[in-house]
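Respectively, the protein sequence lines represent chains S and Z. FYI, the numbering used here numbers position 48 of the first sequence as 48, with every residue one higher than the one before it. FYI, the numbering used here numbers position 20 of the second sequence as 20, with every residue one higher than the one before it.
The set of hints was computed from the structure by calculation and includes no laboratory data. Cβ atoms here follow ideal geometry from the backbone N, Cα and C, with glycine treated the same way. A portion of the hints provided could be inaccurate.
[Stated by the list, open to error] In silico negatives: residues of chain S with every beta carbon more than 10 angstroms from chain Z: (1) V12; (2) Q17; (3) T20; (4) R22; (5) I26; (6) F65; (7) S87; (8) G106; (9) Q107; (10) G108.
[Said to hold, decoys possible] So, partial list: chain S residues that the calculated Cβ filter (under 8 angstroms) puts toward chain Z: (11) F74; (12) E83; (13) P84; (14) F91; (15) E102; (16) F105.
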Amino acid sequence: DAGVIQSPRHEVTEMGQEVTLRCKPISGHNSLFWYRQTMMRGLELLIYFNNNVPIDDSGMPEDRFSAKMPNASFSTLKIQPSEPRDSAVYFCASSSSRSNTEAFFGQGTRLTVV
Amino acid sequence: DAKTTQPTSMDCAEGRAANLPCNHSTISGNEYVYWYRQIHSQGPQYIIHGLKNNETNEMASLIITEDRKSSTLILPHATLRDTAVYYCIVLPPDTGRRALTFGSGTRLQVQP
Chain S
1 DAGVIQSPRH EVTEMGQEVT LRCKPISGHN SLFWYRQTMM RGLELLIYFN NNVPIDDSGM
61 PEDRFSAKMP NASFSTLKIQ PSEPRDSAVY FCASSSSRSN TEAFFGQGTR LTVV
Chain Z
1 DAKTTQPTSM DCAEGRAANL PCNHSTISGN EYVYWYRQIH SQGPQYIIHG LKNNETNEMA
61 SLIITEDRKS STLILPHATL RDTAVYYCIV LPPDTGRRAL TFGSGTRLQV QP
């Protein structure tokens with residue numbers, strides 16, 4: 001398996017533009033997580049899905065952020081409009097809902113909003 | 001979820017064992033101890049997890065005290081590639097339905 005695949009790896013956009021980050025989880029995994037990492041705040045959980053249903057979105061910063069999981073093999077995180085403070089590395093992870101299994105992380109998307 | 005406490009940073013000489021401590025004094029009876037690490041610019045990577053007994057795999061060993069209030073991750077022969085931030089996380093079973101919550105972790109610097 002190729003692991004969790006995120007795209008793009010790097011994104012530079014202007015303030016006010018819409019940004020869409022993409023994630024393909026490991027086949028067979030039914031839990032998917034979105035994290036954001038900055039120097040100031042570390043790794044923060046934004047939202048996670050189980051069987052394509054959002055379970056906890058309390059970490060989503062504000063209404064500008066939205067996430068979808070239309071099927072078991074794809075998820076998006078959208079920021080509209082983007083702001084410079086959204087600059088961070090965004091990680092996607094997936095795991096199986098069998099007990100005590102590890103989560104696998106993608107390589108992340110480095111977002112820069114100028 | 002139980003809170004964990006880890007030292008901010010540690011150094012280790014290459015080839016020596018690295019012992020990374022973690023305190024989790026409020027851990028519940030059914031909560032597991034997980035360790036992940038994050039090498040610079042990469043996504044976090046699972047290392048090992050355990051409940052009560054000591055565990056060992058190809059990457060590391062996990063020693064959990066009898067009262068389960070603390071644990072130690074041991075990298076038996078640290079290499080330069082083990083330089084990373086190490087996170088100790090406590091979670092109940094059925095982790096597929098629960099998200100990992102990362103603290104500040106321990107920044108391990110392996111010195112040549």
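Inset, instruction - Verify the interface restraint on F74 of chain S: the C-beta must sit less than 8 angstroms from at least one C-beta of chain Z. - result: With a minimum Cβ separation of about 18 angstroms from chain Z (threshold 8 angstroms), the hint on F74 of chain S is violated.
Inset, instruction - Decide, holds or violated, for the assertion that all CB atoms of chain Z are farther than 10 angstroms from the CB of F65 of chain S. - result: It holds; F65 of chain S is separated from chain Z by about 16 angstroms at its closest Cβ, greater than 10 angstroms.
Inset, instruction - Decide, holds or violated, for the assertion that all CB atoms of chain Z are farther than 10 angstroms from the CB of S87 of chain S. - result: With a cut-off of 10 angstroms, S87 of chain S remains clear of chain Z, as the shortest Cβ separation is near 15 angstroms.
Legend entry - Non-interface claim for V12 of chain S versus chain Z (Cβ beyond 10 angstroms): holds, 17 angstroms
Inset, instruction - Let me know if the C-beta of E102 of chain S comes in closer than 8 angstroms to any C-beta of chain Z, holds or violated. - result: With a closest approach of 4 angstroms, the E102 of chain S hint holds.
Legend entry - Non-interface claim for Q17 of chain S, where every Cβ of chain Z lies beyond 10 angstroms: Holds, since 25 angstroms exceeds 10 angstroms.
Inset, instruction - Quick one: work out the minimum CB distance from T20 of chain S to chain Z and report holds if it exceeds 10 angstroms, violated otherwise. - result: holds, 19 angstroms
Legend entry - Non-interface label on G106 of chain S, tested against every C-beta of chain Z at 10 angstroms: G106 of chain S not clear of chain Z: closest Cβ-Cβ about 6 angstroms, inside 10 angstroms.
Inset, instruction - With chain Z as the partner, please determine if F105 of chain S meets the hint condition of a C-beta pair closer than 8 angstroms. - result: holds, 3 angstroms
Inset, instruction - Beyond 10 angstroms from every chain Z Cβ: check whether that's true for I26 of chain S. - result: Holds: least Cβ distance 12 angstroms, greater than 10 angstroms.
Inset, instruction - Mind checking the CB of E83 of chain S against every CB in chain Z and telling me if the closest is under 8 angstroms? - result: violated, 23 angstroms
Inset, instruction - Identify whether the interface hint at P84 of chain S stands, where standing means a beta carbon of chain Z within less than 8 angstroms of its own. - result: violated, 21 angstroms
The earlier numbered hints that this structure contradicts are 8, 9, 10, 11, 12, 13.
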